[in-house]
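Here the protein sequences come in this chain order: G, A, V and Y. Take 817 as the starting number for the first sequence in this note's numbering and just add one per residue. Take 817 as the starting number for the second sequence in this note's numbering and just add one per residue. Take 817 as the starting number for the third sequence in this note's numbering and just add one per residue. Take 817 as the starting number for the fourth sequence in this note's numbering and just add one per residue.
What the hints contain is simulated information worked out from the structure, not anything from laboratory work. Treat the hints with caution; some may be incorrect.
To be verified - Some chain A residues near chain G, calculated using beta-carbon distances under 7 Å: (1) 844; (2) 878; (3) 881.
Claimed, not checked - Quick list of simulated restraints, FRET-style, between CB atoms: (4) 855/Y <-> 863/G: 32 to 42 Å; (5) 948/G <-> 899/V: 54 to 64 Å; (6) 936/V <-> 919/G: 45 to 55 Å; (7) 866/V <-> 890/G: 35 to 45 Å; (8) 867/Y <-> 916/A: 44 to 54 Å; (9) 949/G <-> 936/V: 43 to 53 Å; (10) 899/G <-> 916/A: 28 to 38 Å.
We put the beta carbon where it would ideally sit given N, CA and C, even for glycine.
Now for the letters of each chain:
Protein chains: 4
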Amino acid sequence: MLEYETRLRVRYAETDQMGVAYYANYIVWMEVGRTELCRSLGIRYRDMEAEEGILLVVAEVHCRYLSPARYDDEIGVSTRIAGANFRMVTFGYEIRHIAEARLLAKGETRHVFCGRDFRPRKLPPKYHAFFGIGVK
Amino acid sequence: MLEYETRLRVRYAETDQMGVAYYANYIVWMEVGRTELCRSLGIRYRDMEAEEGILLVVAEVHCRYLSPARYDDEIGVSTRIAGANFRMVTFGYEIRHIAEARLLAKGETRHVFCGRDFRPRKLPPKYHAFFGIGVK
Amino acid sequence: MLEYETRLRVRYAETDQMGVAYYANYIVWMEVGRTELCRSLGIRYRDMEAEEGILLVVAEVHCRYLSPARYDDEIGVSTRIAGANFRMVTFGYEIRHIAEARLLAKGETRHVFCGRDFRPRKLPPKYHAFFGIGVK
Amino acid sequence: MLEYETRLRVRYAETDQMGVAYYANYIVWMEVGRTELCRSLGIRYRDMEAEEGILLVVAEVHCRYLSPARYDDEIGVSTRIAGANFRMVTFGYEIRHIAEARLLAKGETRHVFCGRDFRPRKLPPKYHAFFGIGVK
Numbered sequence: 817m818l819e820y821e822t823r824l825r826v827r828y829a830e831t832d833q834m835g836v837a838y839y840a841n842y843i844v845w846m847e848v849g850r851t852e853l854c855r856s857l858g859i860r861y862r863d864m865e866a867e868e869g870i871l872l873v874v875a876e877v878h879c880r881y882l883s884p885a886r887y888d889d890e891i892g893v894s895t896r897i898a899g900a901n902f903r904m905v906t907f908g909y910e911i912r913h914i915a916e917a918r919l920l921a922k923g924e925t926r927h928v929f930c931g932r933d934f935r936p937r938k939l940p941p942k943y944h945a946f947f948g949i950g951v952k
Numbered sequence: 817m818l819e820y821e822t823r824l825r826v827r828y829a830e831t832d833q834m835g836v837a838y839y840a841n842y843i844v845w846m847e848v849g850r851t852e853l854c855r856s857l858g859i860r861y862r863d864m865e866a867e868e869g870i871l872l873v874v875a876e877v878h879c880r881y882l883s884p885a886r887y888d889d890e891i892g893v894s895t896r897i898a899g900a901n902f903r904m905v906t907f908g909y910e911i912r913h914i915a916e917a918r919l920l921a922k923g924e925t926r927h928v929f930c931g932r933d934f935r936p937r938k939l940p941p942k943y944h945a946f947f948g949i950g951v952k
Numbered sequence: 817m818l819e820y821e822t823r824l825r826v827r828y829a830e831t832d833q834m835g836v837a838y839y840a841n842y843i844v845w846m847e848v849g850r851t852e853l854c855r856s857l858g859i860r861y862r863d864m865e866a867e868e869g870i871l872l873v874v875a876e877v878h879c880r881y882l883s884p885a886r887y888d889d890e891i892g893v894s895t896r897i898a899g900a901n902f903r904m905v906t907f908g909y910e911i912r913h914i915a916e917a918r919l920l921a922k923g924e925t926r927h928v929f930c931g932r933d934f935r936p937r938k939l940p941p942k943y944h945a946f947f948g949i950g951v952k
Numbered sequence: 817m818l819e820y821e822t823r824l825r826v827r828y829a830e831t832d833q834m835g836v837a838y839y840a841n842y843i844v845w846m847e848v849g850r851t852e853l854c855r856s857l858g859i860r861y862r863d864m865e866a867e868e869g870i871l872l873v874v875a876e877v878h879c880r881y882l883s884p885a886r887y888d889d890e891i892g893v894s895t896r897i898a899g900a901n902f903r904m905v906t907f908g909y910e911i912r913h914i915a916e917a918r919l920l921a922k923g924e925t926r927h928v929f930c931g932r933d934f935r936p937r938k939l940p941p942k943y944h945a946f947f948g949i950g951v952k
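I would like the entire structure built from these sequences, with the hints used as guidance.
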C-alpha cells in the first residue's frame, strides 16, 4: 500500500493555552502529510496544480484525537491513499508521537478532483497509477 | 434547541493559493462558534476553564465542505449543542455565506470534560442546565 | 487623518502555551485592520485586487508589544494611513484592550503597489484621494 | 558567532490568495529558527520554560520582505543571537530560498526574560554562556 511518514516538530505557534497543540493544526499536518506522500511517489502536488490545473478540493475531513501533543514534540504523520477513483481520492492519516510511540490522532480527508474553476473534473490518465486507480 | 449564530469575515490570512479559505480555518471558526454560543447562554468558556478548571478536550471533529468561501466574505457560524451528558458534549455547526445564503460547511465536534490534568472529569451540576443535561 | 478602529476577540486558536495571544497573530490583526479601514473609506481591498489587479505587497513590518492579550479579550485595532505616495503606502496601528483601555501593541506595515506579476506599479489616479496622495 | 540554519517547506496552509507565503508566517518561522538555534546549542527552550519558569516574552519584531516564497519551496531560516544581557536578548534572522539562494527576508526579534507572572526577571547565571553574556 502507498504509505509515507513525514516528521515535524510542534511549533510554539501551534500550541494553545491548554499547553497542547491546538486541534486545527492536526488538519494542517494532514496537508503536510499529503504533500510529502506525493513527493515520495515522485509527484509534486504543486506541479499538478500549476501545470495541469488539477486541484484536490477538500470535501470532507474527519479526525479523532487520542492523546495530546506538546510544544517541540516530534510528530510523525503517516499518510496513505485509502481509496481513489476518477473523481475523488481519500487519504488516511495516523499521527503519532515519535519518542513515545504513542498514537495521537487518526483521520481521513476526502477530495474531489477539480479544475481551476472548482468544477469536478476527471483525473487525467497519467495520474491514475499514481493514485492507484485501475491497479489490481 | 440551544443555537446561536455568530458572524465573522474571512481574513486574508485564512485564504490559500486556491483563492479560497483554507480548510483548517473552518475548524477554527467552529471554536469561535462555541465560544459565542456559550456567551449567548450566559457563560464565558474562559471562566469555566480558569475558575473551575474544566477543559473541553476535543475528541473528534468532522466537517463536510459544500462550497468555498473567499476573502472578505461574511460568514455565519451557527452552533448548537447536539448532545451532552456528564462526560462529554457534542456541538453541531452550520457555516454559511451570509450575502448569498449559501451553505458552506456542516460539522460536529465532540469534547470530553477534563480537569487540568487532561483526565476525564464529571461535569459539575452547576453546568448541567447550561449543556441541557437532565432537561426534559 | 484617516483612522478607523475595528474590534475582534482573541480566539482560542490564537493563544499559545504562555496563555496569551501568540505574537504573529498581532500581524494578522493588522491585516484585519487594513481591510476594515479600507471598507470604512468606501473601498473593498478585495475589489482593488480582483478588478484592478493591484496588490499591496508587504515590504516591511514592525511591531512593539507592550502588554499581553488573553483568550476572549476584546481587542481594538486602530489603523491609519501613516504615509503614501504613488509607489508605496505605510499603515500605522495601535492595538488595545477595550475593557481595560490598555495599549497592547503598536506597529507599522509598509507596502509596495504591485501588479499581479509582483512588479512595482504606479497607483492609478482613481485611488490617489483614497490613500491621501496629493491631498493638501 | 552563534548561528544556526534550520530548514522547512512552505505549507499550503501558509500561502494566501496572492499565491505566496502570507507575511505573518515569516514571524512564525522566526520562532522555529529560535527553537532550533537553542537545540543546536544544547538547550531545549521548552525545558527553560517548564523547568526554570523563564519565558522569553517578545517585546519587538521587525521584518523586511525582499522576495516572495511559494508553496512547497524549501526555506532556510538562519538564526543568531544578535545581542543579549541579563534582561533581554535579540535574535537576528535571515530567511532564504534554498534552491535559488535568494534572500527572502531579514528580521529581528527582541525578548525580555520574564517569570511565569510575565514580570521581568534576571536571567540565571547558568544560561549566561548560552546567550553569550559575559563572554569576551
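Checked hints:
1. 844: holds (5 Å)
2. 878: It holds, given that the least Cβ distance between residue 878/A and chain G is near 5 Å, below 7 Å.
3. 881: holds (5 Å)
4. 855/Y <-> 863/G: 32 to 42 Å: Distance hint for residue 855/Y, residue 863/G holds at roughly 33 Å.
5. 948/G <-> 899/V: 54 to 64 Å: Check passed, 56 Å falls within 54 to 64 Å.
6. 936/V <-> 919/G: 45 to 55 Å: holds (51 Å)
7. 866/V <-> 890/G: 35 to 45 Å: Taking Cβ atoms as reference, residue 866/V and residue 890/G lie about 42 Å apart, which means the hint holds.
8. 867/Y <-> 916/A: 44 to 54 Å: holds (53 Å)
9. 949/G <-> 936/V: 43 to 53 Å: 46 Å Cβ-Cβ, so the 43 to 53 Å window holds.
10. 899/G <-> 916/A: 28 to 38 Å: holds (32 Å)
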